[in-house]
Amino acid sequence: MTDAIAVPLRRARMWRRFRRRPMPMTGLVLVAGFLLLALVGPLVTGDPAQQDYLATLAPPSAAHPMGTDDLGRDAFARIAHGAQVSLQAGVLSTALAMAVGIPIGLVAGFYRRWLDPIVMRLVDVTLAFPFLVFAVGLAAIIGPSLKGVVLALGFAQLPAVIRITRGEVLAIREMDYVAAAVADGAGDAHIIFRYVLPNCASPLIVQATVAIPTAIIGESTLSFLGLGVQPPTPSWGVMLTTAQQYLGDAPWLAIWPGVMIALATLGFNLLGDGLRDVLDPRSGP
Amino acid sequence: MILKIDNLVKHYGPVRAVDGLSLEIGEGEVLGLVGESGSGKSTVGKCVLRLTEPTSGTIELGGRDITHLSRRALRPLRRDVHMVFQDPYSSLNPRFTIERIVGEPLLRHKVADRRETSRRVSEMLEKVGLRQEMRSRFPHELSGGQRQRVGLARALILEPKLVVADEPVSALDVSVQASVLNLITDLQKDMGFSCLFITHDLSVVEFLADRIAVMYLGRIVESGPTEEIFAGPRHPYTQALLSAAPVADPVRQRERRRIVLGGDVPSPLDPPSGCRFHTRCPLAYDECRSVEPALHDPRGNGHPAACHLVTADRVPDAAATR
Numbered sequence: 001m002t003d004a005i006a007v008p009l010r011r012a013r014m015w016r017r018f019r020r021r022p023m024p025m026t027g028l029v030l031v032a033g034f035l036l037l038a039l040v041g042p043l044v045t046g047d048p049a050q051q052d053y054l055a056t057l058a059p060p061s062a063a064h065p066m067g068t069d070d071l072g073r074d075a076f077a078r079i080a081h082g083a084q085v086s087l088q089a090g091v092l093s094t095a096l097a098m099a100v101g102i103p104i105g106l107v108a109g110f111y112r113r114w115l116d117p118i119v120m121r122l123v124d125v126t127l128a129f130p131f132l133v134f135a136v137g138l139a140a141i142i143g144p145s146l147k148g149v150v151l152a153l154g155f156a157q158l159p160a161v162i163r164i165t166r167g168e169v170l171a172i173r174e175m176d177y178v179a180a181a182v183a184d185g186a187g188d189a190h191i192i193f194r195y196v197l198p199n200c201a202s203p204l205i206v207q208a209t210v211a212i213p214t215a216i217i218g219e220s221t222l223s224f225l226g227l228g229v230q231p232p233t234p235s236w237g238v239m240l241t242t243a244q245q246y247l248g249d250a251p252w253l254a255i256w257p258g259v260m261i262a263l264a265t266l267g268f269n270l271l272g273d274g275l276r277d278v279l280d281p282r283s284g285p
Numbered sequence: 001m002i003l004k005i006d007n008l009v010k011h012y013g014p015v016r017a018v019d020g021l022s023l024e025i026g027e028g029e030v031l032g033l034v035g036e037s038g039s040g041k042s043t044v045g046k047c048v049l050r051l052t053e054p055t056s057g058t059i060e061l062g063g064r065d066i067t068h069l070s071r072r073a074l075r076p077l078r079r080d081v082h083m084v085f086q087d088p089y090s091s092l093n094p095r096f097t098i099e100r101i102v103g104e105p106l107l108r109h110k111v112a113d114r115r116e117t118s119r120r121v122s123e124m125l126e127k128v129g130l131r132q133e134m135r136s137r138f139p140h141e142l143s144g145g146q147r148q149r150v151g152l153a154r155a156l157i158l159e160p161k162l163v164v165a166d167e168p169v170s171a172l173d174v175s176v177q178a179s180v181l182n183l184i185t186d187l188q189k190d191m192g193f194s195c196l197f198i199t200h201d202l203s204v205v206e207f208l209a210d211r212i213a214v215m216y217l218g219r220i221v222e223s224g225p226t227e228e229i230f231a232g233p234r235h236p237y238t239q240a241l242l243s244a245a246p247v248a249d250p251v252r253q254r255e256r257r258r259i260v261l262g263g264d265v266p267s268p269l270d271p272p273s274g275c276r277f278h279t280r281c282p283l284a285y286d287e288c289r290s291v292e293p294a295l296h297d298p299r300g301n302g303h304p305a306a307c308h309l310v311t312a313d314r315v316p317d318a319a320a321t322r
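Protein sequence lines correspond, in order, to chains P and X.
For the first sequence, the positions run 1 to 285 when the working numbering is used.
For the second sequence, the positions run 1 to 322 when the working numbering is used.
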């Protein structure tokens, strides 16, 4: 349908709408900075396990821009390497939850029949557990590792994703444009992917932007409990935990990972809001 | 016959939305299906497109029974019938451009490639009176009337034999209603499709429909040629409906005898015994409460009514009792 030029045109229009808004752009910059730190940071900093015995709990200096921890390890190197862990825990677990949850929600909501009640009762049962308690339980079963963190956080997010998707699908399948698609002669797959899914994207994008920061914090918690990444691998959560003991002597150790978590959270939230607005043709120019 | 519905029944759980309805639409004929909200008229339209599954009865499209066809077997037949929906705000996919919405039927039935689709979309937009620059717009950028024209373009682009129009103008402003109605009339004359025009407003179909069928609580109570119905309604319900419509001539309007029906339409959960209309009929007598009148045509002139009082030499007059 769309001629060769129409698609790039629409992309250009979306980008223009995105660029014009200050909040999404701030989010994009923050997330880009986060990505840069995770991908390039570890290459320029030294080994995060390298200890400097002459400078333990040292304040920021030329040699250690963010200071050192109790074992004399460079905090900047650990922040940069920790960014990788946080990024994976946040993005991969959310991607996992979306990749599994959206199809389940779509099928349950669209076809109903016997599948829907079964899926929804399971979702209700799992939603009865607080997110972190559920994640801790799963992590304890899977075993402590980054992979375990991603799986545990991903599955802990799953019920919310299924519930949101299914709720949206239930509303959209009753819309006249879906009936019109049936009358057009469209098949189920076409209706699901071209009519239902695009129209329930907004709440899912919002969910993702809330879920990524939650998962980053969740990783911190799991690592704090010893169920996440294992020392000496650095993660922001692990750093924050150890920093607590030295809050009086070396407050920078808590401030850096805290600030990073806050900025990453803010970045994903702003970016998500912007994406939602831009992807919805109904929202302004 | 393009469409032949025989003894259609559709129950939603205990709700008897359509309860034994039969009707026929010939080639190029426009049938106005009139009824109050809750009379089941929209359900009839949905059943014809198999957007909802009938509980029982048969639906024949172009002589072929489609009541129990599988979705796959039904798909090629969907080229011959399409629908115009009531609500122009929920009947167009908000994520598609107008070009895509109108072109979808062609693409889904693979009857045209992209270039051909694009050409036919232009043609169709012109027919429904939309400017070409609307192609790249999204539904939310259009007014209600423009959207309804888009809905009409989508329904007609495959040149179907039958169009089901479910209250296509009742969500529009009165000033826009007239122009969309005229458009439908012109397109129908031009393209010659048959039309099941569903409405709650008799005056809407007066100049459009060849025949009218009046529905009450899931059944047809009267049907006949449009002029016949307007000139001499036989069923008390039809008489009441007609008396409610305003007349343009103030002198005649003042002289008219209004028939005001008491109460609401009874619940389709538990329709009244005997004649379904007896609870509101000013002429009801004992037999009406116990014996359900069949749709009968005592004069044999293609104008049947379901009322005990209609006989070969007598037609009830609901206005006479007040």
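To be clear, the hints were calculated from the coordinates, so they are not data collected in a lab.
Virtual Cβ for every residue (Gly too), placed ideally from N, Cα, C.
Treat the hints loosely; a few may be bogus.
[Claimed, not checked] Which bits of chain P does chain X cover? Going by a derived footprint, with three or more residues having C-beta under 8 Å, they are:
1) 29-39
2) 193-202
[To be verified] Result set (DMTMM-like, lysine to aspartate or glutamate): computed pairs, CA atoms no more than 25 Å apart in a straight line:
3) Lys46/X x Asp188/P
4) Lys4/X x Glu292/X
5) Lys46/X x Asp124/P
Requested in this report: Go through the numbered hints given earlier and state which of them the structure violates, listing their numbers in rising order.
Outcome: Numbers 1 and 5 - these are the hints that the structure violates, sorted from lowest upward.
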